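K.L.:
So the mapping is simple: the working numbering equals the position in the sequence shown, first residue as 1, plus 3.
Everything labelled a hint here was simulated from the structure, so no lab data went into it.
Derived CB-CB ranges, DEER-like: (1) His116 / Ser26: 24 to 30 Å; (2) Ala122 / Glu82: 38 to 44 Å; (3) Val83 / Leu115: 35 to 41 Å; (4) Glu156 / Ala87: 25 to 31 Å; (5) Arg9 / Glu127: 16 to 22 Å; (6) Ser125 / Glu82: 37 to 43 Å; (7) Glu156 / Ile84: 26 to 32 Å; (8) Ile84 / Arg142: 15 to 21 Å; (9) Ala122 / Ser26: 18 to 24 Å; (10) Gln91 / Thr121: 30 to 36 Å.
The model shown is predicted, which means the values in this text are computed figures rather than measured ones.
Don't be surprised by glycine CBs; every beta carbon is placed ideally from N, CA and C.
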Amino acid sequence: MSQSNRELVVDFLSYKLSQKGYSWSQFSDVEENRTEAPEETEAERETPSAINGNPSWHLADSPAVNGATGHSSSLDAREVIPMAAVKQALREAGDEFELRYRRAFSDLTSQLHITPGTAYQSFEQVVNELFRDGVNWGRIVAFFSFGGALCVES
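Model the full structure from these sequences, guided by the hints.
P.N.:
Written out as C-alpha cells, the structure reads:
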C-alpha cells in the first residue's frame, strides 16, 4: 500500500474511532509490531495518489476520468489535490453515506456473524462483492465506511 493510501486509511479509521470515544494511539502499538509495507517504487513516488479523482491504482492518463469516459477534466493530470482536502472529503462522504444507510450499518458484527476467526473472510467477501463490477469513488467511500464501522464495532 502506498504511503498516501495508508495515510488516508489511518486518518479515516482514526476519525471513526474518535467518534466512538476511542483513540488510534491505543491501537498503534499493535500496528508497529506488524511487518512494514514495502518501499515505494520510483514511479509510485512520482505519481500522486489522488490526481484527476482517480485512486492510486488507476493510471493518471486513464480515459475514464471521474467516472465519465470521453469528458475532459477540469484538473490538469499533473495537478495534485492536497492530502488534507482528500481526507476531509472522504470523512464527509463517509458520514453522509453512513447517515443514508444507518440501518445497514447498525450492529454489523451480528448481521454478518463476525467472530475473530471469521472476520478476515467476512471482510474479504464483502469487499469482493463491492468491487465486483469495478472501482469508483462511491464504492471506495462504501469500502471505507464498511471498514470503519467494522473497526469501531470490533
